[in-house]
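Each protein sequence line maps, in turn, to chains A and B. For the first sequence, the residue numbers in the working numbering are 1 to 340. For the second sequence, the residue numbers in the working numbering are 1 to 114.
Be a bit skeptical, because a hint or two may be false.
Claimed, not checked - Below, simulated SDA-like cross-link-like pairs (lysine to any residue); rule was C-alpha separation at most 25 Å, straight line:
1. A:198 to A:254
2. A:54 to B:71
3. A:54 to B:97
4. A:54 to B:15
5. A:50 to B:50
6. B:41 to A:43
7. A:54 to A:10
8. A:18 to B:71
9. B:91 to B:60
10. A:198 to A:121
11. A:54 to B:37
12. B:41 to A:30
13. A:86 to A:127
14. B:91 to B:23
15. A:18 to B:53
16. A:86 to A:98
17. B:104 to B:94
18. A:18 to B:84
19. A:254 to A:305
20. A:50 to B:44
21. B:41 to A:25
22. A:18 to B:52
23. A:198 to A:267
24. A:50 to A:15
25. B:41 to A:267
26. A:50 to A:4
27. B:90 to B:17
28. B:41 to A:59
29. B:41 to A:40
30. A:54 to B:47
To be verified - Derived coverage of chain B by chain A (criterion: at least 3 residues anywhere in the stretch with Cβ under 8 Å from a Cβ of chain A; other residues may be distant):
31. 31-37
32. 45-58
33. 79-88
To be verified - DEER-style ranges, computed between Cβ atoms:
34. A:69 to B:109: 35 to 41 Å
35. B:38 to A:58: 38 to 44 Å
36. B:42 to A:249: 57 to 63 Å
37. B:102 to A:69: 41 to 47 Å
The hints are simulated quantities; they were obtained by calculation from the structure and are not laboratory data. Glycine included, every Cβ here is placed at the ideal spot set by N, Cα and C.
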Amino acid sequence: MEYLNTYLNEISRRLPRKNRVDIIEEIRSLLMDIIEERSPGANPDEATVKAVLKDYGSPHQVAQQYIDYQPLIGPELYPIYQLVLKIVLIVIAALNLVGVLIAIVSGVFIETSLFIAIVDRFFDLVGSLVNVFGIVTLVFFLFERLASKEFKKEVKEDWSPDDLSLTEDKTRISIPEIIAEITLGVIFIVLINVFLEKIGIYFRKDTGWAFTPFLNMHVLRYIPRLTASIVLDIGLNLYLIRQGAWNRAAIVAKIIINLFKIALFAAIIFGPAILSIEPTAWEALNLDLTLTAQRFNQLINTALSAVLGLTILSLTIDVMRHLVQTFVKKEAAGLKIKTG
Amino acid sequence: MTDPTISEQTQSLVQELRRGVIILAALSQLHEEQYGYSLMKQLEDRGMQIDQGTLYPLLRRLEEQNLLQSDWRVDSSRPRRYYVLSETGKKILEELTEEWSRLKNTIDNLLFED
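Input sequences plus hints: build the corresponding full structure.
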C-alpha cells in the first residue's frame with residue numbers, strides 16, 4: 001500500500017487545490033476496486049499493486065485529465081492579439097531603427113566601432129521587443145480574464161453583412177485600435193513611472209557606457225497628471241469595449257479627458273523647460289555641432305512645445321468633432337424626421 | 001481500440017470520433033446509480049471500452065455541468081462515489097439520444113446508400 005499512497009501523493013501535487021482531496025479519495029477508491037478484483041483478499045501483494053498503477057497511468061497523465069486548461073488568450077481574442085502585437089512590435093522596431101540611424105548620422109558612435117555599436121543596439125532592440133511582447137501579452141491575458149463572456153461572444157458572433165458596407169458608422173468602435181491604445185498606454189505609464197530616470201541619451205566614453213538624463217526634475221510635477229490622463233483613457237477604452245459602441249456618456253467622457261489633456265499640455269508648454277542636457281554631458285557627446293548645450297536645450301524645448309501645441313490642436317479638433325457629431329448632427333437628424 | 005494493424009493517423013481519428021459519443025455512452029448507463037469502476041465494467045461488458053483515465057474525470061465534469069449528481073457512500077468495505085443522472089441530465093440524455101438517431105441515420109445514408 002506504500003506504493004499506492006506515494007502514487008496518490010504524486011497525483012495530488014499536480015492537481016488544483018480546489019477539489020484536490022475529493023479527487024484523490026475517488027481515485028483511491030477506484031484503484032482499490034481494481035486491486036481487489038485482481039487480487040481478492042485482505043492484503044494484495046506488491047506486484048499486483050504495481051501492475052495496477054502501471055495500467056492506470058503516470059501521476060502526471062492522471063492529473064492532467066482532471067485539469068481544465070484555460071488558454072492564456074482564447075480564440076476570440078487571439079486574432080486581435082496577433083494584430084496588436086504585430087503593430088506594436090513593428091512600431092518599436094522602427095523607432096529603434098530610426099534611433100540608430102540618427103546616432104550614426106550625428107556621429108554618436110565616433111568613439112566606438114560602428115560594428116560594435118550596431119551589435120549593441122541590436123541586443124537592445126531584442127530586449128525591448130521581448131519586454132513589449134510581455135506587456136502586450138499581459139494586457140491581453142488580463143483582458144481574457146476580465147472581459148465579460150458576452151463581449152467575447154460578440155467579437156465572434158455579432159456581425160451582420162451590413163458590417164461590410166463602406167458607409168462609416170460614427171458610433172462604431174475599432175477593437176484593434178482600442179486595444180493598441182490600451183497597450184501603448186500601459187507601456188507609457190510604466191515608462192514614466194518606473195523608468196523615468198532611465199530616459200536619456202546613452203553614449204560611449206573611453207571608460208565605457210555613459211548616460212545623461214534627458215528630463216529634469218521639473219517633469220516630476222506632471223507625472224501624476226500624465227498618468228491620470230492615460231488611466232482615464234484606458235478606463236474609457238475598457239468601457240467602450242464593454243459597450244461595443246460610442247454612446248453619449250462615452251463621448252462626454254472623451255471630451256472631458258481631452259480638455260484635461262489640453263490643460264495639462266498647455267501647463268507643460270508655459271511651465272519651466274522639462275528637457276535639459278547637462279553641459280558636461282553635452283561636451284562628452286562630442287557631436288561635432290557648433291551648438292552650445294544651452295542653445296541645444298532651448299531648441300529641444302521649443303521642439304517639444306511645438307509638438308505639444310500640435311497635439312493640443314488635434315485634441316481641440318477632436319473635441320469639436322465629437323461635439324458636432326453628438327449634439328448638432330443629432331438635432332439635424334431629428335429635424336429631418338420631423339419635417340419628413 | 002488499439003488495433004496494431006491500423007495506422008497511428010487512423011487511430012487518432014478514431015479517438016476523435018469516439019470522443020463525442022463517450023458522453024452519450026456514460027449517460028446512458030446512469031439511470032441507476034453506479035460508482036466509477038462498476039460503470040466502466042458495465043460499459044466494457046456491453047462492448048464500449050473507455051479508458052479509465054478519460055471516464056472518471058468525465059464523470060466529474062458532467063456533474064459540474066449538473067447532468068449528474070453524486071455522493072459518497074460506504075457500502076461493503078469502503079467509501080465509494082456513486083453517480084446518477086440528475087433531472088437535467090435525464091432531459092439532456094433524451095435530447096442527445098434523438099440527435100444520435102438522426103445523426104446515425106444520416107451518416108448511414110451517406111456511407112452505405114448510393
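A quick look at each hint next to the structure:
{"no.": "1", "hint": "A:198 to A:254", "result": "32 Å, violated"}
{"no.": "2", "hint": "A:54 to B:71", "result": "28 Å, violated"}
{"no.": "3", "hint": "A:54 to B:97", "result": "36 Å, violated"}
{"no.": "4", "hint": "A:54 to B:15", "result": "22 Å, holds"}
{"no.": "5", "hint": "A:50 to B:50", "result": "21 Å, holds"}
{"no.": "6", "hint": "B:41 to A:43", "result": "23 Å, holds"}
{"no.": "7", "hint": "A:54 to A:10", "result": "14 Å, holds"}
{"no.": "8", "hint": "A:18 to B:71", "result": "17 Å, holds"}
{"no.": "9", "hint": "B:91 to B:60", "result": "19 Å, holds"}
{"no.": "10", "hint": "A:198 to A:121", "result": "16 Å, holds"}
{"no.": "11", "hint": "A:54 to B:37", "result": "17 Å, holds"}
{"no.": "12", "hint": "B:41 to A:30", "result": "12 Å, holds"}
{"no.": "13", "hint": "A:86 to A:127", "result": "16 Å, holds"}
{"no.": "14", "hint": "B:91 to B:23", "result": "14 Å, holds"}
{"no.": "15", "hint": "A:18 to B:53", "result": "19 Å, holds"}
{"no.": "16", "hint": "A:86 to A:98", "result": "18 Å, holds"}
{"no.": "17", "hint": "B:104 to B:94", "result": "15 Å, holds"}
{"no.": "18", "hint": "A:18 to B:84", "result": "23 Å, holds"}
{"no.": "19", "hint": "A:254 to A:305", "result": "23 Å, holds"}
{"no.": "20", "hint": "A:50 to B:44", "result": "23 Å, holds"}
{"no.": "21", "hint": "B:41 to A:25", "result": "20 Å, holds"}
{"no.": "22", "hint": "A:18 to B:52", "result": "22 Å, holds"}
{"no.": "23", "hint": "A:198 to A:267", "result": "24 Å, holds"}
{"no.": "24", "hint": "A:50 to A:15", "result": "22 Å, holds"}
{"no.": "25", "hint": "B:41 to A:267", "result": "79 Å, violated"}
{"no.": "26", "hint": "A:50 to A:4", "result": "8 Å, holds"}
{"no.": "27", "hint": "B:90 to B:17", "result": "24 Å, holds"}
{"no.": "28", "hint": "B:41 to A:59", "result": "23 Å, holds"}
{"no.": "29", "hint": "B:41 to A:40", "result": "17 Å, holds"}
{"no.": "30", "hint": "A:54 to B:47", "result": "24 Å, holds"}
{"no.": "31", "hint": "31-37", "result": "holds (count 3)"}
{"no.": "32", "hint": "45-58", "result": "holds (count 5)"}
{"no.": "33", "hint": "79-88", "result": "holds (count 3)"}
{"no.": "34", "hint": "A:69 to B:109: 35 to 41 Å", "result": "37 Å, holds"}
{"no.": "35", "hint": "B:38 to A:58: 38 to 44 Å", "result": "25 Å, violated"}
{"no.": "36", "hint": "B:42 to A:249: 57 to 63 Å", "result": "60 Å, holds"}
{"no.": "37", "hint": "B:102 to A:69: 41 to 47 Å", "result": "32 Å, violated"}
Figure legend: structure checked against the earlier numbered hints; hints not met, in rising order: 1, 2, 3, 25, 35 and 37.
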